[in-house]
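Asks: Next come the chains, spelled out residue by residue.
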Amino acid sequence: LPSDSSQTITLEADRATYNEKTGITTYTGNVVIQQGTIKIQADSLVANLNKNRQIQQITAKGRPAKFQQQISAEKGIARGEGQTIVYNSETGIITMTGKAYLFQDGASFRGNTLRYSISAGDIEASGGSQGRIQIIIPPSATQNQTKVKSK
Amino acid sequence: CGFHLRGTQTSAIPVAYKNVQVDLPQQAAALREPLVVYLQSLGAMVNQDKTAPIIKITDYQQTRQLLSGRLTEVQLRLAITYHIESSLGEPLTIDYSVYSRRSYQYDIATVNTENQEEAHLIEEMNLDAAMQIARQLHAGRMQYATADGKKTAP
Amino acid sequence: EENTAEKTSAPQNHANPTADEKAQAFFSQYYLNREQMASLPIDQQRPIPATCHGTWVTPIDINTKAADPEQATTVITADYGYYDPTSGSELSGNVMIDQPGRSVRADKINLDATQTVATAQGNVQLMDAGLLSNSDRATYNLNNATGKISDSLFISETQRAHGHASLIDRQGNGITRFENAIYSTCEPSTKPVWQLRAKQIELNENTGRGVTRNTTLYVKDVPVLKVPYFNFPIDDRRTSGFLVPTTGYSNDGGLRLNVPYYFNLAPNYDLTLAPGYLSRRGLMLEGEFRYLTEDFGAGKIAGGYLPSDKLFNEDRKAGSYQHAWQIDPSWRTVIDLNYVSDKDYYTDLGTDPSSQNILNQERTWSIFYDNGIPGLTGLFRVQSFQTVDKSILDADRPYARLPQLLVNYRGGSPFGLQYEAQNDTAYFKKSIGDGSALESSGTRIFNRLAAGYNWRNQWGYAKPEVSVRSVNTFYDQDSIASQGLNPDDDTNQRSAVVPQFTFDSALVFEREGRFLQSITPRFFYAYAPYKQQSNYPNFDTTTASLNFDQLFSPYRFYGHDRLDDNNFTSLGVTYRAYDNIGLERLRVGLGQSYYFHDRKVRLNETDPIATEHNSGPALALGSQLSRNFSINGNALWLANGENSQNDVQLNYTGNDGSIYNTGYYYRRQVKSQNQQSYQQVTAGFVQPLHDQWRAMGYMQYDINNNLAREWLLGFNYDACCWRASLYGRYYYNDLDDPTAADVKPKRAIMMEITLKGLAGFSGNLGNLLQQKILGYQQVETLWNER
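Protein chains in written order, with this note's numbering: chain A, 8 to 158; chain B, 70 to 223; chain C, 4 to 789.
Honestly, the hints are just simulated from the structure, not real lab data.
Treat each hint with caution, since some may be false.
Unchecked claim - A partial selection of chain C residues facing chain A, derived with a Cβ cut-off under 10 Å:
id: 1; residue: A69
id: 2; residue: E73
id: 3; residue: L145
Said to hold, decoys possible - Here are the simulated DSSO-like cross-link-like pairs (lysine-lysine), alpha carbons at most 27 Å apart as the crow flies:
id: 4; chain 1: C; residue 1: K313; chain 2: C; residue 2: K393
id: 5; chain 1: C; residue 1: K466; chain 2: B; residue 2: K87
id: 6; chain 1: A; residue 1: K106; chain 2: C; residue 2: K111
C-beta atoms are modelled at their ideal positions from N, C-alpha and C, and glycine is treated no differently.
Just chain A, with the same shape it has in the complex (with noise of 0.2 Å):
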């Protein structure tokens, strides 16, 4: 929702490691991390702060690491994979990558890398050196689209 961004942010894992040099703390295990309807698990993260101590950016791992998010009251819920999610939290995109998955409003998109953002909704699918990307359209997806349209 339009809303997440500006939701409290909480993280579950079994395990975090803070690198004072870099800055950087990681977290192992189970990991969860959510802010409002955005959902991420994965086996690993890596959270990235900004100079004043706001997560920047997440890199979670997993086989593969999950992400769901409730785009709108009608559309329902985008689900995605991959075996890395990045999630940058200023510009709003989650780049998955590796058999990376995403199911939105009905429409399910596979490739080497997913580039999806969150509150534009587009997205940007490529199939790496020669792999392919797929979109499935449903025959109901396509129809309630004209009838969101039309109302």
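Position chains B and C relative to chain A; hints supplied.
Replies: For chains B and C alone, kept in the frame of chain A given last:
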């Protein structure tokens, strides 16, 4: 002299066809009753058991050939092609064809415009063809479809 | 000249491949010859017509049912994709959009915001059941399967056609429109045998018609024919007869050309007009209007008109109206009205040589009843005839039925008691204008009640039957006056009641062995007392032809005016031999009737009474000597030993698609059985010559009158995308007596050129040969499929 009444020594209908079904296309409706009558008279049960082998009429062609002239000879011919298949539709035998012919003299300038003679002869041809099919079944010598289901009309 | 056509046809030979070479490369990818086809998996293989080197195989099989686009799931694959729900998406890198039975390929595809309208660029391929197009740009709507493809090559597997068009507009409702199109069904080559270049071609799958506008027909790149409007069948719904141009020459009609135009006025009615020209007779117009009503059945009105025929110096006219309406499952009504101006109309002007001149043109309105109450059928009709041959005396013309009611009920079971009731009540009217006879019209009521018992088992059957028939005839006033009878004398009222008993039985004896042989003796007896019917009118009765089956029938007449007297026995025996695969190799039937009384009831007063004590033997022979050769024949002798009838037919069907038939027909005049004499020989053949040529022909020779009644000789060349046949024909109008001085035989040369999948000039040779050469139909289907 070796001749005996049919069915008194060996059963008139081979065991495989004790129970049969008949499947005819729409245009072969005139063949249905005589075929059922002849088959049942040989001792077969017809259309009683849904899993029984099916006598499938695949082609039913009635042709009429005219010699030219006002006084003419009308040649009628009925050509029927059929095979026997299992209730699941796999062909059991090769295709068989039976033919029946009749002809009659026809004067175009006759008061009889309804031509009942032709209708009568068409009925005769259907009886004849039905009898031939029943006899071929009774003869119990029908050739089974070869492995690759290659069908050859004899 | 359309620029696109110019570009593809003019052969240039500089470095980079021309559009034509690219086109041929594309086409050859999908035109597989026999070994390429064999390498495909069985279910993807398509049959290759015998006359072609290969055939089209498009990615999606013809009969895959394309899913309803509204319900179909769309699967998109590409190298790269940018998807924005609000403004649409862009896909690039060998993009493929697939729906069940439909798909689009392109280098780059943009989808609109609703993800339904796809704009494709860069070697775009659009595929659905049997159609494949290859172009640079196309727009396609995934929701209703419509699309516009520009500057595209196309392959249509259903029509076996390929070509190029500056725009292909698939309108989704079964209509595809091609603009500036090149269309051919020949094998792909830079110089196809023929090709059509048209401003516009529209293929309509609902009506099964294709329409082209300002079209030029090219044969080997030479423009042959320019036609503003041309209409052709694209499926086999309506290809024969009326709708195909015909051309030819005959010694009386001269050169002739008929070109039909088809107007699809509305989904439920259409009109066809066929202007024609016969050099010796003049201009003619034929038309046919067909209509389909919502719930009152369908019908058609047809007509032909040739004003002041130069040879005939009269107008030639023909008209017909047919309508059939299935009111409900049991009731059906039919109207069938026909008129023709003279007896030679169809032989002189007809475009279908197999259509005979029907002597008595029928005008009937009938109502049928059946499959209502089981076993009950009924027919009520009003019927009259126009006898086209003016030389026939009024007395010999058929009666009108004003009206006639026929009711028939059959009940019981074929394995036991069966009974039947029949009624035929009619008012027969024929006015005698030429004094050739006295008026004899009136009402006739015919009834028949019959009951029989079927006893049948594996070695025999027996069927006794008892029946009673009655006929009552009342003359009408005109007839009473014309015959000078006393109106209140009751002898004007004729009534006869004749009971009848028949017994039919047979036994079946068999002997196993290399051949299964069977002998079937048959015994038949019929008795019916004689009831005087000397001066009864004959409204609709004729005598049965003499043959083997007739021995075992109690009825000497067909029609309901005579109740024949019988007291005779018939004995017969049929021998049959079956080979080791159950084929009936030989069947011989021999029989004779023994009469215990003279047959006093005759058709006409003047016929002699049959007084012989037996019928003379009757022989029926049928044998399938081998898969290819069969002999059939009948022969009958009179009591005095003279041969009264015999016919023999020899039929040979070769494995190579050849046929050889010959037949001899002899009937001697037998007054007591109203058999007229003739002696005819017929022969027919179809012989494939080398590669795609075939020779075919038949002849009928009248031995009694020592003249060739009819012969035809034709040649037919069958190529991959066209077929031509040329035949000469020598024949008489069936209604003419060839021995009459003023009757001249007709000599005609008919030509037939068919552009396969398009139409062409047809002389309807096929319809004619099918009626004259036995087995022609089977050989024709085998020939096309071999």
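Asks: When the structure is checked against the list of hints, which entries are broken? Sort them ascending.
Replies: 1
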